[in-house]
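Protein chains in written order, with the numbering used here: chain A, 5 to 314; chain B, 8 to 155; chain C, 11 to 310.
Derived from the structure by calculation, the hints contain no laboratory data. Be a bit skeptical, because a hint or two may be false.
As the list claims (entries may be wrong) - Result set (DSS-like, lysine-lysine): computed pairs, CA atoms no more than 27 Å apart in a straight line: (1) C/Lys121 with C/Lys165; (2) C/Lys303 with B/Lys76; (3) C/Lys163 with B/Lys76; (4) A/Lys145 with A/Lys160; (5) B/Lys139 with C/Lys303; (6) B/Lys139 with A/Lys175; (7) A/Lys171 with A/Lys154; (8) A/Lys145 with B/Lys139; (9) A/Lys185 with C/Lys303; (10) B/Lys139 with A/Lys185; (11) A/Lys114 with A/Lys163; (12) A/Lys145 with A/Lys168; (13) A/Lys171 with B/Lys139; (14) A/Lys114 with A/Lys145.
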Amino acid sequence: MPNKRQRPAGPASKRDSGQWVMVAPVSVTDLPRKPGNGPLFTRLRNPSTGQAALYLFSSDARQLFEVKAFHEEYRSWFIGQAVQQDGRLFFATPVDPLFLVLFYLAKAEKEQGKFQPLDQILVDAEFSSCTMLLRCTNISKSIHHIAEEKETGGRKFYKYNEEKTLKWLTKKVNQTVNVLKDHDVSVGAKVKSATFISSKQLTGATEEDYIRYAHGLISEYIPEELSSALAKYLRLPEVAVPPTEPPSKKRKTSDGPVEAEEDYTKFNTVDLKSKKANKMSAAQKALAKVDKSGMKAISSFFSSKTKTTK
Amino acid sequence: MAGASQPPVRLALDSLPGAPREQLHLLPCVVQHDGGASVQRYFSPAIRGPQEPQPGDESTVSFRGRMLKGKQVLVPEGYLGLVLEEEEEAPYLSPEERNVRVKSTFESITAWNLERAPNGSDEILMAFSWPKIAEGRMKTKVGKKSSS
Amino acid sequence: MDLGAFERDNSVNCLLDSAVPSVCRTEPCSLGIDEAGRGPVLGPMVYGICYCPVARQRDLETLKVADSKTLTEAQREQLFEQLNEANDFVGWALHILSPNFISTSMQQRAKYNLNALSHDTAIGLIQHALDSGVQVAEVFVDTVGPAEKYQEKLKLQFPGLEVTVRAKADSLFPIVSAASICAKVARDRAVKNWKFLEDLEDASSDYGSGYPNDPKTKEWLAQTLDPVFGYPQFVRFSWSTAQTILESKAAPVRWDDSEDDSSQKSAQSLLCFFARKDAPAERPLHRYFHERKLEAVTSL
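Chain A on its own, in the form it takes in the complex (with noise of 0.2 Å):
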């Protein structure tokens, strides 16, 4: 491509202002600085969909941000003295580049399905920053939690553990649904109302409510098939989801309880059957005498909106 500075056509015409609105973590601007050293934008794989998205390194590599806007048609900024067309706004905040390395090991788990360095784990050559990974301070220190590890002659060997990961994605998914209670996230049926009530009052959200919605958030950082096996490793009851979508490539639906792809399914069915019985929460409990057809009301008018605003 000869002109390397030009944004993709089209939707840049719009936001041809070269200039964008930003909220980042002071850590972000005050890491040190060296001449021709900083921060860093750039391409990596989202490991959910494995396509690309914005990501943003602090100075030194160590740590790693997402970047997402906030993004409404009708919307345009006033900064200072000037007008700016491009209303959005773009937040860069962390995230744990363990999800992003989980996305490599779980591939080359299926690719190679043996114990590898990390540096060779983490090759692609469209997305060449992804070696930048290796430098953030978290992963030497948590790489454990997902993979095994093998040393010889001094050098390590890591190969992707499935039951690791869901233990590790499990304290992700409490860890969550502690957030979302300190910060008060409306997590059951969507309500609009003019004066905030707190979503728990309002609600009555179930412990349930809240694992589910976690999942769900946590399935934004994580390939499609590991979210369903996650998904019965919670032992989250199925939520009819409406046939709107086309089949294939979607997520698993309909009536039938998800089969995961792969090899995720075998321990994880027989973990079902074994624990299920004796280890359900009363809440689950309760859940699972419930109609759920109110669920499926609400999932469906979710995704219709979806589909509107699109």
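Starting from the known structure of chain A, fit chains B and C onto it as the hints suggest.
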């Protein structure tokens, strides 16, 4: 499309100390224009509300003969508002990298809606809680550590 | 008449009134209503009421009040002074509708048209007189719209009053002429001494009468245009005169309820469709992000 091969973008931090703090207004409309605007002459003097608005305070203004109601929203604690700008003249840089610099900073914005001030169930106000959720997710609660 | 209250913040409406003559609290009164400044693209619209005891209308006629439009500005000022001197039996009240109020009302999501606005303001002024203790018995109203419907509306609102709505009432009933003079004097003064809350720098203040066909007004509108903000609040943005200039000369502004949206929207969504093509779209975003309009970003 050139997808992944887009060059990474380096943020030139040396531009931060000199960057002025500016007032940001998020409008409920698309102004199809990029460039100078006499905000200080036309818009600021028309704002009605508290002299020095505190977070959550509502104000009123009109723009192009339409009534706007707004609310002051603070950038979350531990975060900084940055207006980034493409650095065009940087010939010494490798063509593999683009450069942006900090043009200005902000600590709050005023989010304006048409005729009705933003409230807690408005997307813009809810979006501002995202950094805290993202962060909280990363932290392990002390009590939970022993379980692993 | 002291317009100070309005001039302190001319972006909002203002109610001004004289003291109620004591005789008006005890004797049945006749009340006239008229408006000034309905047509101009600039400045406020003023509603005026004037009242006096039914039995003293003769005295009003001796003041030789006549339709304000047939008088010169100087004559109106003089007659207004005479009305004020007759404060032992004549009272008045004015409601100044700021141009900003007119613009924002007419361009509201739920549109508020000028007739409805007129009617509501008139009703408000009658009520104000009643609330102030004026023994209103009969009401005479000048109207530009259909008189009968308006009369019905007022009768419904004030069943105890004798209501007469008539086109050109200001030339038929002295009490309406008096109201007309009060309104016109206020409107003239407000326009003449308009204090721009905006900083217009070296813009000319020679804006003429404010009527769209006044050459001075036309020239001022052409010269004062700001490409982003359009005009100061002095201009009624809801007037087609202003809208036409804005559409051709100022930066386009689109609102979520813009009328001509259907065409733009489809073009827009087509653009979005192509734009999103390189963005991950296979897995729908979790509702947390969807409800916050937070989307994935692929490039700066």
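Which numbered hints fail: 3
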